[in-house]
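There are 2 protein chains.
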Amino acid sequence: MNVVSLEKALATINDFWSPVIIGELNNQVVKAVKLKGEFVMHHHDHEDEMFMVLKGKLQIAFAEETKVVGEGEFLIIPRGIPHKPVAEEEVHVLLFEPVSTVNTGNVVNERTIENPPRIG
Amino acid sequence: MNVVSLEKALATINDFWSPVIIGELNNQVVKAVKLKGEFVMHHHDHEDEMFMVLKGKLQIAFAEETKVVGEGEFLIIPRGIPHKPVAEEEVHVLLFEPVSTVNTGNVVNERTIENPPRIG
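These protein sequences, in sequence, are chains A and B.
Taking the numbering used here, the leading residue of the first sequence gets 70, the next gets one more, and so forth.
Taking the numbering used here, the leading residue of the second sequence gets 70, the next gets one more, and so forth.
So here's chain A without its partners, still in its complex pose (with noise of 0.2 Å):
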């Protein structure tokens, strides 16, 4: 057991949309991830996805509608609905998700991270 520290655990992180793996609780896992840019569009079949806005403001944009979480805020999404992470300036998130989540979920490209480093 030992205590993880957000800030630390972001700091180790060099890249955009490449997700680590800080926590594992009952076949879930805890990932921590820096976003800028725009992701693609994209929907995970079987898992439930939350994002955590621990810095920057994280816009997710679904087929008819945006919103907007700050920093402070989460965001559930339910399993099959699409949806495309935005981030205009750089934004901290943590994710809450089933250890089977891929991050493009049913798209695979490049962009595509199978099996996310572990840290902590």
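It is possible that some hints are incorrect.
You can't tell identical chains apart in this list, so a pair holds if it fits in one copy or across any two.
Derived lysine to any residue pairs resembling SDA-like cross-links, with alpha carbons at most 25 Å apart [unchecked claim]:
1) Lys126 - Met70
2) Lys105 - Ile150
3) Lys136 - Met70
4) Lys77 - Pro186
5) Lys77 - Glu183
6) Lys77 - Val177
7) Lys100 - Val168
8) Lys77 - Asn96
9) Lys77 - Gly149
10) Lys77 - Thr135
11) Lys126 - Glu76
12) Lys136 - Glu93
13) Lys100 - Gln128
14) Lys126 - Ser87
15) Lys124 - Pro185
16) Lys153 - Glu179
Keep in mind the hints are simulated off the structure, nothing from the lab.
It should be emphasised that the depicted structure is a prediction, and the values quoted were computed from it without experimental measurement.
Got chain A; can you put chain B on it based on the hints?
Chain B only, in chain A's frame:
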């Protein structure tokens, strides 16, 4: 899908040791709770539990040591491990755990809350 503010969720809480459910995903819940004082030593037979400190400093006493979890830090306690949260001053905590988790685990007493309210 609603964006949830941690600060606003916490502002609705009047009582210490009375968690409220502020999100649910993948059969897990996100709870917010205010702690002050000393809880009961207990364990959860089937649930790992994550304590993330949003404000203040949380001590978690185990059989042979005490861990300190500061603001912006978290600790995951695996199932089966007896633990006792202690908050010398007021502490605000986010919990991430299975829906089935009862606050006092294997102990049932006047502090047990079987069905926390849901907000947000």
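Now the hints, each set against the structure:
Taking identical chains as interchangeable, the C-alpha atoms of Lys126 and Met70 lie at most 25 Å apart only when they sit on different chains, with a minimum of 17 Å there against 31 Å within one chain. Only within a single protomer do Lys105 and Ile150 lie at most 25 Å apart by alpha-carbon distance; the minimum there is 22 Å, versus 39 Å between protomers. For a Cα distance limit of 25 Å, the shortest separation of Lys136 from Met70 across copies, 9 Å, qualifies, whereas the shortest one inside one copy, 36 Å, does not. For a Cα distance limit of 25 Å, the shortest separation of Lys77 from Pro186 inside one copy, 15 Å, qualifies, whereas the shortest one across copies, 34 Å, does not.
In this homomeric assembly, Lys77 and Glu183 come within 25 Å of each other (Cα to Cα) only inside a single copy, at 23 Å, whereas the closest approach across copies is 35 Å. In this assembly of identical chains, the alpha carbons of Lys77 and Val177 never lie at most 25 Å apart, being 30 Å within a copy and 37 Å across copies at closest. Taking CA atoms no more than 25 Å apart as the test, Lys100 paired with Val168 passes in both settings, with 10 Å inside one copy and 20 Å between copies. In the homo-oligomer, the alpha carbons of Lys77 and Asn96 lie at most 25 Å apart inside one protomer (24 Å), although the nearest pairing across protomers, at 29 Å, exceeds that limit.
In this assembly of identical chains, the alpha carbons of Lys77 and Gly149 never lie at most 25 Å apart, being 33 Å within a copy and 28 Å across copies at closest. When the C-alpha separation of Lys77 and Thr135 is checked against a cutoff of 25 Å, the pair qualifies only between copies, where the shortest distance is 21 Å, while the shortest distance within a copy is 31 Å. For a Cα distance limit of 25 Å, the shortest separation of Lys126 from Glu76 qualifies both inside one copy, at 17 Å, and across copies, at 16 Å. With identical chains, the CA atoms of Lys136 and Glu93 are at most 25 Å apart between copies only, with a shortest distance of 18 Å across copies and 27 Å within one.
For the identical chains of this complex, Lys100 and Gln128 are neighbours both inside a copy (18 Å) and across copies (24 Å), given an alpha-carbon limit of 25 Å. Taking the shortest alpha-carbon separations for Lys126 and Ser87, only the intra-copy value of 18 Å comes in at or below 25 Å, while the best inter-copy value is 30 Å. With identical chains, the CA atoms of Lys124 and Pro185 are at most 25 Å apart within one copy only, with a shortest distance of 21 Å there and 29 Å across copies. Only within a single protomer do Lys153 and Glu179 lie at most 25 Å apart by alpha-carbon distance; the minimum there is 16 Å, versus 46 Å between protomers.
Checked against the numbered hints above, the structure breaks hints 6, 9 and satisfies the rest.
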